[in-house]
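Going line by line, the protein sequences match chains A and B. Residue 247 in this note's numbering is what sits at position 247 of the first sequence, and the numbering runs on without skipping anything. Residue 664 in this note's numbering is what sits at position 177 of the second sequence, and the numbering runs on without skipping anything.
Some clues are possibly wrong.
[Said to hold, decoys possible] Taking lysine to aspartate or glutamate and the DMTMM-like style, the derived pairs with C-alpha atoms no more than 25 Å apart in a straight line are:
| id | chain 1 | residue 1 | chain 2 | residue 2 |
| --- | --- | --- | --- | --- |
| 1 | A | Lys293 | B | Asp731 |
| 2 | B | Lys648 | A | Asp181 |
| 3 | B | Lys553 | A | Asp181 |
| 4 | B | Lys526 | B | Asp567 |
| 5 | B | Lys789 | B | Asp563 |
[Said to hold, decoys possible] Per label pair, the in silico range of CB-to-CB distance:
| id | chain 1 | residue 1 | chain 2 | residue 2 | range |
| --- | --- | --- | --- | --- | --- |
| 6 | B | Asn684 | A | Ala60 | 42 to 50 Å |
| 7 | A | Gly49 | B | Lys558 | 16 to 24 Å |
| 8 | B | Lys558 | A | Ala308 | 30 to 38 Å |
[As the list claims (entries may be wrong)] To be clear about the criterion: a stretch of chain A counts as covered by chain B if any three or more of its residues have a C-beta under 8 Å from a C-beta of chain B, and this derived list gives those stretches:
| id | segment |
| --- | --- |
| 9 | 68-75 |
| 10 | 169-181 |
| 11 | 286-292 |
What the hints contain is simulated information worked out from the structure, not anything from laboratory work. Note that the coordinates shown come from a computational prediction; the quantities given were computed from them, not determined experimentally. Ideal Cβ placement from N, Cα and C applies to all residues, glycine included.
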Amino acid sequence: MSTKKAHVTAAADRIPWLEKIAYGLGNTVNNLLGAAIGYMSIVLNVGLGIDPVLIGTLQAIPRFTDSLTDPVMGYLSDNTHSRFGRRRPYIFVGAILVGITFAFMWQLKPGLSQMFYFWYFLVGSIIFYLFYTMFATPYVALGYELTSDYHERTRLMGVQNFMGQFAWISLPWFYAFMENDRLFTDAVQGARVLAILIGIIVIVLGVIPAIFIKERYVAPETEKKEKQSLMKGLSENVSAFFKGLVLTLKRKEFLKLCIGTFFLFNSIQLVGAFSSYITIFYVSGGNTNMGAKYMGLFGTINTLSTLAAIAGVTWISSKIGKRRAFMVATSATLIGSLLKWFCYDPMAPWKVLLPAPFIAIGMGGLFTLMGSMIADVCDLDELETGERREGMFGAIYWWMVKLGLSLAFALSGFLLKWTGYNVVFGGAQSAETFMKMRLVDVIVPSSACIIAILAVYRYKLTEAKSLEIREQLDLRHASLNEGITTN
Amino acid sequence: MVKYIQKTLSLLWILSLSIVVLNCGKSDNSSESKKNVRKIKITMIAKSSKNPVFLSAKQGAEQAAKALSKKHSKFDVIIDWKTPPNENENAQVDSIRKAVTEGTDAILISCSDGPILTETINQTVADGIPVMTFDSDLPESKRFAFYGANDMEVGATLMDKIAELIGKKGQIAILGGNQDAPNLQNRVAGVRKTSGNYPDIQIVGEYYHAETTEDAAAKVLQVNAENPQLTGWVMVGGWPFFDDKLMDKIEPGKYQIVVVDALPEQLPYLEKEIIQMCLGQPLFKWGEVSVQQIIDYIAFEKEIEPIKNMQLIQVTTANLGGWARQLRAWGFEGLTKHYLTM
Chain A
1 MSTKKAHVTA AADRIPWLEK IAYGLGNTVN NLLGAAIGYM SIVLNVGLGI
51 DPVLIGTLQA IPRFTDSLTD PVMGYLSDNT HSRFGRRRPY IFVGAILVGI
101 TFAFMWQLKP GLSQMFYFWY FLVGSIIFYL FYTMFATPYV ALGYELTSDY
151 HERTRLMGVQ NFMGQFAWIS LPWFYAFMEN DRLFTDAVQG ARVLAILIGI
201 IVIVLGVIPA IFIKERYVAP ETEKKEKQSL MKGLSENVSA FFKGLVLTLK
251 RKEFLKLCIG TFFLFNSIQL VGAFSSYITI FYVSGGNTNM GAKYMGLFGT
301 INTLSTLAAI AGVTWISSKI GKRRAFMVAT SATLIGSLLK WFCYDPMAPW
351 KVLLPAPFIA IGMGGLFTLM GSMIADVCDL DELETGERRE GMFGAIYWWM
401 VKLGLSLAFA LSGFLLKWTG YNVVFGGAQS AETFMKMRLV DVIVPSSACI
451 IAILAVYRYK LTEAKSLEIR EQLDLRHASL NEGITTN
Chain B
488 MVKYIQKTLS LLWILSLSIV VLNCGKSDNS SESKKNVRKI KITMIAKSSK
538 NPVFLSAKQG AEQAAKALSK KHSKFDVIID WKTPPNENEN AQVDSIRKAV
588 TEGTDAILIS CSDGPILTET INQTVADGIP VMTFDSDLPE SKRFAFYGAN
638 DMEVGATLMD KIAELIGKKG QIAILGGNQD APNLQNRVAG VRKTSGNYPD
688 IQIVGEYYHA ETTEDAAAKV LQVNAENPQL TGWVMVGGWP FFDDKLMDKI
738 EPGKYQIVVV DALPEQLPYL EKEIIQMCLG QPLFKWGEVS VQQIIDYIAF
788 EKEIEPIKNM QLIQVTTANL GGWARQLRAW GFEGLTKHYL TM
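From just these sequences and the hints, can you work out the full model?
Structure follows, in structure tokens:
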């Protein structure tokens with residue numbers, strides 16, 4: 001009985017390529033929004049002269065409100081019953097509103113008071129993040145429920161992740177565009193035009209998943225509730241929200257995925273600044289032009305490798321399963337991180353490029369496999385609770401990623417201070433400072449890779465187990481539908 | 488309904504594409520753009536083209552010019568190097584006159600002192616050509632700005648460091664180079680002023696000499712022989728260590744020595760701990776920062792601080808490797824792998 005049958009995706013579970021691309025375009029928008037607001041913030045300081053402390057506050061407050069609205073939006077979407085579905089209305093309206101808000105929030109003109117800019121941008125950012133959540137949370141959840149097939153989920157996430165990379169590729173052009181003195185008088189004017197263009201792209205691409213994708217999951221009639229008083233409904237919803245939140249956080253397999261992502265993703269983000277500093281100040285001896293050239297080449301190799309890795313990991317996962325594919329991809333990142341120790345060589349600066357493809361494999365695999373694995377967890381959750389809560393899982397997962405990212409940036413500054421780095425010294429930092437920087441740059445991501453591998457090593461939803469869960473769910477759905485039909 | 492939305496979307500796509508195409512057309516109109524590029528020529532006149540210190544400054548100026556031309560497509564910045572081979576006030580005056588005759592947009596100069604140069608700078612400014620000084624200033628001239636070290640502060644830093652090294656008591660000597668050089672005088676004055684904070688430190692004397700390695704080394708050995716109780720040296724320039732002649736003539740650790748400048752030739756002395764600290768000047772920045780300031784002044788009409796102080800870097804055995812790599816990045820040659828991989 002140990003003979004393993006090759007899994008074949010049922011025709012009904014296959015997502016047509018055009019639909020996969022339509023879904024992927026949503027991720028281009030999702031990444032574009034997240035990246036653009038951070039990247040364009042340089043204009044607030046350089047162009048409008050806002051105090052960096054105020055800019056820090058401007059970035060922190062909206063992210064805090066965002067962290068509160070994520071799970072609420074997940075819950076709302078999970079419990080929405082409309083003829084257009086429970087995700088698509090939010091994606092459609094959210095994309096339009098977030099695109100408009102983004103375009104408006106950058107319509108700043110020089111010469112006004114610092115406090116005016118602060119309040120204008122603060123209010124704009126809070127509204128922006130609200131609509132961003134309105135778009136992104138249901139969008140992420142939609143991906144988890146588009147197919148019930150174990151491998152098709154990975155293929156979908158592969159396409160989504162692949163298309164999401166285009167947002168990162170476009171990022172370095174933003175500054176060049178805003179600073180183009182043939183097109184604009186200054187970067188502030190450049191930012192105003194760029195924001196409008198991004199707003200249009202967001203609206204045009206963002207509504208595509210809502211229009212061209214059909215929601216697979218339809219809540220059984222029994223889930224629909226009767227009309228009740230506003231207060232009673234509100235109290236029941238609040239109670240159900242917190243119950244759902246606790247249930248999600250108690251889901252062990254989900255937590256393993258969160259731990260894996262938290263350590264792998266955030267450790268790479270945390271040492272990102274260190275890699276730049278080491279390349280510019282240690283390897284290039286403070287020659288910023290040379291350092292920037294290698295950083296640019298590293299970024300290009302990393303991006304191309306990530307695109308290749310997404311395709312590769314998606315394929316490997318269909319052969320050896322998601323858990324093992326994750327461990328293989330993360331091991332490659334571990335090798336790349338360790339390789340950095342030998343590749344920071346002032347006598348041969350080109351060596352800094354060698355770890356790039358290895359590091360990219362784990363990062364390319366991460367969000368491809370995690371999205372697919374969370375969808376499997378949602379199946380397990382439905383089997384045990386009777387509810388489909390992709391919205392809540394997606395919201396908490398991404399909330400955790402965002403929280404980790406904020407922590408990583410904060411810790412990065414703290415660690416940089418600990419190394420003794422002094423900006424005045426440029427390339428002439430002490431040997432001890434460089435040693436500490438290199439240690440952080442190698443030890444932090446390497447340890448994080450090991451923790452991520454160990455966390456996912458204990459993940460129990462293998463291919464066989466997931467298929468078993470699916471079968472039980474299909475039986476349950478069939479009997480429910482039968483019951484409804486009989487009634 | 489879906490068809491209607493699809494049609495609307497198609498229109499939006501066409502609109503977006505049109506915007507992109509129109510923008511591309513605008514920026515790719517190269518023949519149009521070349522006509523509008525304003526050439527900005529900055530004439531750079533250092534003290535001596537044989538001194539590697541100024542060659543590093545030249546490299547900084549050229550890199551800044553390249554970066555600014557790349558960033559601002561409306562102008563093209565060119566560095567016109569007119570530095571005489573040896574330090575000579577008259578030769579600098581000639582360079583300025585030649586630059587004015589040939590046509591220049593600004594002059595960047597490290598001044599050999601003297602009244603003729605002041606007059607020439609003032610005349611150049613009166614003719615409508617802005618002048619900026621670096622390294623060595625002529626504050627009484629009509630230059631619009633100066634970028635370089637604050638020599639009084641340099642002297643103070645040297646004194647504080649030697650005091651720390653000798654435990655705030657003992658005898659020290661000051662090596663002063665050319666007694667007529669105002670920047671060196673200011674450094675010595677800075678040492679003297681700060682020594683007031685250390686009553687147990689006695690300055691045995693200020694020693695001046697021709698600014699050659701031989702003369703400076705001879706002076707150091709002479710003072711060492713005459714002052715057996717000497718515990719330390721403050722050298723406001725690095726002259727005695729610009730070759731290896733003193734390597735086996737000063738016992739490492741016998742004297743605590745702090746020196747201005749940290750050129751490649753001085754690194755073995757630091758490594759061997761004959762010198763305890765060099766105060767390195769970011770020479771590359773003389774050119775880099777000054778060119779940025781000139782462009783801000785003449786192209787963007789920004790207000791420029793009349794004096795911008797350059798921060799010096801303390802170089803010890805702890806950051807010897809980092810400093811060596813930094814020197815290489817600033818254009819210095821001949822640094823060995825030994826230092827570059829430290």
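Hint-by-hint comparison with the structure:
no.	hint	verdict
1	A:Lys293 <-> B:Asp731	37 Å, violated
2	B:Lys648 <-> A:Asp181	47 Å, violated
3	B:Lys553 <-> A:Asp181	16 Å, holds
4	B:Lys526 <-> B:Asp567	12 Å, holds
5	B:Lys789 <-> B:Asp563	18 Å, holds
6	B:Asn684 <-> A:Ala60: 42 to 50 Å	44 Å, holds
7	A:Gly49 <-> B:Lys558: 16 to 24 Å	19 Å, holds
8	B:Lys558 <-> A:Ala308: 30 to 38 Å	33 Å, holds
9	68-75	violated (count 0)
10	169-181	holds (count 3)
11	286-292	holds (count 4)
Checked against the numbered hints given earlier, the structure breaks hints 1, 2, 9 and satisfies all the rest.
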